[in-house]
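Participant: All the letters of the sequence shown, read from the start, carry residue numbers 1 to 555 under the UniProt record's numbering.
Hint data in this document are derived by calculation from the structure and do not stem from the laboratory.
Note that CB positions come from ideal geometry on N, CA and C, so glycine has one too.
Straight-line C-alpha distance at most 16 Å; calculated EDC-like pairs for lysine to aspartate or glutamate:
#1 K212 <-> D435
#2 K220 <-> E253
#3 K479 <-> D420
Label-pair distances were calculated between CB atoms; the ranges are:
#4 I300 <-> G186: 39 to 45 Å
#5 L151 <-> T95: 34 to 40 Å
#6 L377 <-> T450: 28 to 34 Å
#7 E66 <-> I300: 50 to 56 Å
#8 P201 <-> P273: 32 to 38 Å
#9 Q261 <-> F476: 35 to 41 Å
#10 R319 <-> A481: 40 to 46 Å
#11 W502 <-> A481: 32 to 38 Å
#12 S202 <-> T316: 31 to 37 Å
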Amino acid sequence: MCGILAVFGCIDNSQAKRSRIIELSRRLRHRGPDWSGLHCHGNCYLAHQRLAIVDPASGDQPLYNEDKTVIVTVNGEIYNHKQLREKLKSHQFRTGSDCEVIAHLYEEHGEEFVDMLDGMFSFVLLDTKDNSYIAARDAIGITPLYMGWGLDGSIWFASEMKALSDDCERFISFPPGHIYSSKQGGLRRWYNPPWFLEQTPSSSYDPIVLRKAFEKAVFKRLMTDVPFGVLLSGGLDSSLVAAVACRYLAESEAACQWGSQLHTFCIGLESSPDLKAAREVADYLGTRHHEFHFTVQEGIDALEEVIYHIETYDVTTIRASTPMFLMSRKIKSLGVKMVLSGEGSDEIFGGYLYFHKAPNKEEFHQETCQKIKALHLYDCLRANKSTSAWGVEARVPFLDKEFINIAMAIDPEWKMIRPDLGRIEKWVLRNAFDDVQKPYLPKVTDAMLTHASFIYPENTPTTKEAYYYRTIFEKFFPKNAARSTVPGGPSVACSTAKAVEWDAAWSKNLDPSGRAALGIHSAAYEEAVDAKNKSSLSGSPKKLQGVGEKAAAVV
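Could you put the whole structure together from the sequences, leaning on the hints where they help?
Facilitator: Shown next as structure tokens:
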């Protein structure tokens, strides 16, 4: 992530004003510690603090068209920049930066080009031929942008509030999916997907289409010229990001520079379940896993810095930002500058627990739409600013435009939590990656087993083996009637529950087969021999013991 600051229409264009712009831009240097740039044109200023991810050698900003009449300062990544360059062959590019296409697209299409960009971005562009300018923010608001107004009539744009709050009388969060045009004198929406109207869709659910769209979203985000990794909490969303990245990393250009073993990162309190879950997934995927720990006191000590960087007082955002802020510092110390993360899945698929109470599919869908629209105020803000505080860029494949369009076009009936049909939260996503031939993730994790009673309250599976069998059964026979045909409860070798009480050790052994009583045969014979000896009865203990051992071996 980079930091941008742009000011237009200043009354004062003295050297003192230039120095003030530099001073304010410096407040964003944590976002872009690699280089600083400033372009002045009359009473207009465009400043940039760069985090070099693509083309570190020559991609310094601001960026220009051929004759430098168009200047642009950008924070973000344009994943389809190579395809766009193919359509701009008449233009001469100065750098290998993915963001340079913005200046040339403006030359070709005027202000109506923003929807052609596939990526996350906030940018400000100045056309010196008529001193007009535009500012735009990506569809969901993955990258932050603020807009302010000075007392002298100037208009300001900045990546973070701290760069304009002292000099602007009023400022707002620039709305996602919008463009501001000085020519038209206001904001207008450039992003108008079908789901934005919140009308209930009716497209059928195709798990293969959904899976391929997500794989494509992850793969395009492997575009980097610097070391990178994946934030892995051990939950479904981050685990899928890591699994897909692992599967396709060898095919990416990044593998040529940084190798084909993925790095994953996790942080938590000592012995926290997230650490264990992440470790299990990392072991399964074969990643080079980095596990970090922090204490409660370290989290408390960091709060002031966290709030300064994320610029919110929302309680849940601060709670979630604190470990991410601490982890990003550790990640940067390893030389990593870019990470993939799993934000957005819960909003798209209704993954929060309260979605269990959705009364119908219409309200379920409307709530997911509202959640996505508000992401820039919560999870996107957290993920971007917590990582950018230490010069790390977070990319979020679940918020890929194409993937969102496909996922939000699915009839929400498929997304609803339906225990009677064996559908838990985010079932459509889980099912899309349930590949029996080439599993993306471990079939049953420790975390899944821990929460088994919530998923399967009747005859709750107590082992991973049992959980796996149960998921297959529910897939084919989801009705309550089918579930009730199978006996349950404590059992050893299909015994009654009463028989389990015969030996206290049996109740501690979760294996329901005869193996749970392994050794019982021998022990029974030994007890019988002892009893016979005490009664002075004839018999051969050694012979009886040998028979018992053979019997135990057969079980």
